[in-house]
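*Asks:* So the protein lines, in turn, are chains L and G. Residue 206 in my numbering is what sits at position 206 of the first sequence, and the numbering runs on without skipping anything. Residue 1070 in my numbering is what sits at position 70 of the second sequence, and the numbering runs on without skipping anything.
Bear in mind the hints are in silico, worked out from the structure with no lab data behind them. Treat the hints with care, as some may be off.
Chain G side only, calculated, beta carbon under 7 Å to chain L, not exhaustive [claimed, not checked]:
no., residue
1, I1181
2, V1182
3, L1273
4, L1333
Facing chain G, from chain L, some residues (calculated, C-beta under 8 Å) [to be verified]:
no., residue
5, Q247
6, R250
7, I254
For glycine and all other residues, C-beta sits at the position ideal for the given N, C-alpha and C.
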Amino acid sequence: MTLLDRSAPAGEQRPTHRSRAALSAGLVALIGLLAVVCFFSITMGARGVGLSTIWKAFTDYDPGNAAETVIRELRVPRTLIGIVAGAALGLSGAILQGVTRNPLADPGIMGINAGAAAFIVFGIMVLGTQSVSTYVWFAFVGAGVATVTVYGIASFGREGATPVKLALAGAAVTAILSSITSAIVMTNVSALNELRFWQVGSLAGRYFPVLWQTLPFLVVGLLVALGTGRALNGLALGEDLAVALGQRVRLTRIVMFVTVAVLCGAATAACGPIVFVGLVVPHLARMICGPDYRWILAYSLFLTPVVLLAADIVGRVVVSPGELQVGVVIGVIGAPAFVLLVRYRNLAEL
Amino acid sequence: METPTSLDVPTVRGGRRQRRRRATVVTAALLLVVACLFVLTMMLGSYYVSPIDVITSVLGLRDDPTTDFIVRDLRLPTAASGVAVGLALGLSGVIFQKLLGNPLASPDFVGVSSGASLFAVSSIVLFDASSSAVSGSALLGALLTALLIYVLAWRDGITGYRFVLIGIGVSNFMVAIIGYIVSRAELYEARQAMTWLAGTIGQSGAGELRTLLVAVVVVIPLALVLERPLRTLELGDDTATALGSRVERNRLVLIALSIVLIGFSTAVAGPILFVALIAGPIAQRLTGSAGGILTAGLVGAVIVLGADLVAQQALPTPLPTGVVTGIIGAPYLIWLLATVNREGRGG
Chain L
1 MTLLDRSAPA GEQRPTHRSR AALSAGLVAL IGLLAVVCFF SITMGARGVG LSTIWKAFTD
61 YDPGNAAETV IRELRVPRTL IGIVAGAALG LSGAILQGVT RNPLADPGIM GINAGAAAFI
121 VFGIMVLGTQ SVSTYVWFAF VGAGVATVTV YGIASFGREG ATPVKLALAG AAVTAILSSI
181 TSAIVMTNVS ALNELRFWQV GSLAGRYFPV LWQTLPFLVV GLLVALGTGR ALNGLALGED
241 LAVALGQRVR LTRIVMFVTV AVLCGAATAA CGPIVFVGLV VPHLARMICG PDYRWILAYS
301 LFLTPVVLLA ADIVGRVVVS PGELQVGVVI GVIGAPAFVL LVRYRNLAEL
Chain G
1001 METPTSLDVP TVRGGRRQRR RRATVVTAAL LLVVACLFVL TMMLGSYYVS PIDVITSVLG
1061 LRDDPTTDFI VRDLRLPTAA SGVAVGLALG LSGVIFQKLL GNPLASPDFV GVSSGASLFA
1121 VSSIVLFDAS SSAVSGSALL GALLTALLIY VLAWRDGITG YRFVLIGIGV SNFMVAIIGY
1181 IVSRAELYEA RQAMTWLAGT IGQSGAGELR TLLVAVVVVI PLALVLERPL RTLELGDDTA
1241 TALGSRVERN RLVLIALSIV LIGFSTAVAG PILFVALIAG PIAQRLTGSA GGILTAGLVG
1301 AVIVLGADLV AQQALPTPLP TGVVTGIIGA PYLIWLLATV NREGRGG
């Protein structure tokens, strides 16, 4: 810990350091908050349901009862997908920011989610893949290809992968992928019709099969991701120092990028491309708990699902009885946060 | 200018003359290629017209109602908008890249096109607008978005770096809302909106086209006048200031120029990706260091006309121009990756 304290940037914006007890208490509170959000996510919507109905839906399920069916078939899977996808995006964002030492790294802005989405569309439209189990693999490949390409393009030139270059490379790759996607769907009206719903990230209409197919990958990915905290702390000191401390930097990087590709691929397969949430939440976590990546990862794990589910609930309430997809709500909230970050944070900080 | 003491004066002069000659030859060759593609665009289609007929019909030297109708009314607008859009995109892109010192800085990605797209898609889906109203709102969208980005990025002056990042943030915001609007639309409107979003040069009416041509004709001389300050700005802010350049004002004017061009071209053809990104570097490769921004504009015109010929004639089903240029972008990025570019102030 002493080493980390010294690594904190000297000067105006010295990050806050709280005691381990305070941080643990905060984490417990956060888990409580997640439980509350889950409760609202299950009860609120076009059809409000009470606590007793939820209880009955699981203990004494009556298939004839519409409210109970809504809970079992729609609300619960939706909430669970929100939790795991949110956790995946949050941890990916935190890892990307750490491994690229770039405060603006985000799976959405770097085009990783767009890569997964484009490959899924390709799999469905061209190869006729129907089952979720197959298209999850397309998502992984897409996310992996996008990660490598974007990081590769951004790393050329003297300064390596600066925030601007990463963001531009992400935008460029996203643009190419969307061209290819529209070339595929332009000639096929039903494909176009499917794509326009798919390309807005949403938690609605994704059911248990999607969850079961993506869950194993997400769980493994999340566990590996949580274990990267120490290595990220090392990288935060700079590559040379990390090597001097005995870290195998290249191996660490590869493991992290693979983890990010798996997490983003699975999350995108589950709920479509969602931008900004992986950017903003790790920053919130960093504001709360300082520069130690072990805490940042732990906080991101619980805080991102809270934000994602809250956005989903907002989307359901604002235009009730219709709904605003969670990708739209996050986009509308996330963009101002991004602008604030660019304007007011010292970007050389990581 | 004092003559350099350590170098042989005739050698330096000779080298400069050689570079200039190369630039002139390349520019002339590009003009010729643009002219050929322009004529070729009007020749091909479901009914073949010979090159002589095309030229005489466009110049009004002959009176043949059938050919005149096909050439002047059906194909000339597409060909002319191809040239104008290509010029506008190439110029706009090269100005951006030189200002920001980054080969990836293209106005496509910094939110201006997505602002135009948001306004155009809203007018198609929400107001069922006619094609000229769609163009008008796209132009309005481009200008308002640029203004928004400029205001958001302003903090004791503008740095290109902040401008690009905030532009990308704003762009993602616009894309989220476009996605929502398209997912809420009726299927036929969604289809129309997505076709517009893919970008194609054959979709505008004569009125919008005339506006674009006027804009290009006004802006090109202005851009050429500003080429010298642009070259000074390329040396970096400190050097430019030391050389007596009014950095902030020149940069503002050049950004505005670039945005007007991209706004008009998006209004006419929709967002045609990557032309602004690749025209500048290609022109630079062709002409060497002496190349001007006009060369980049001509390269842009060649790319757009060529891409449209491929999209309309070479493929089994005709596709929007923007899809083809977008796919051209992929190998370019890979090339960028492979050559591990040494240039660029980057940051």
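*Asks:* Compare the structure with each hint and give your call.
*Replies:* Okay, the hints, checked on the actual structure:
The beta carbon of I1181 (chain G) comes no nearer than 9 Å to any beta carbon in chain L, farther than 7 Å, and the hint placing it at the interface is violated. Against a cut-off of 7 Å between C-beta atoms, the interface hint on V1182 (chain G) holds, since the closest Cβ of chain L lies about 5 Å away. The interface hint given for L1273 (chain G) is met, as the beta carbon of that residue sits about 5 Å from the closest beta carbon of chain L, less than 7 Å. At a threshold of 7 Å, the smallest CB-CB gap from L1333 (chain G) to chain L is about 6 Å, leaving the interface hint in force.
Given hint, Q247 (chain L) at the interface with chain G, is violated; its Cβ is 25 Å from that chain's nearest Cβ, farther than 8 Å. At its closest, the beta carbon of R250 (chain L) sits 18 Å from a beta carbon of chain G; the interface hint therefore is violated under the 8 Å criterion. Of the supplied interface hints, the one on I254 (chain L) is violated, with its beta-carbon coming no nearer than about 18 Å to a beta-carbon of chain G, more than 8 Å.
Going down the numbered hints, you'll see the structure goes against 1, 5, 6 and 7, while the others check out.
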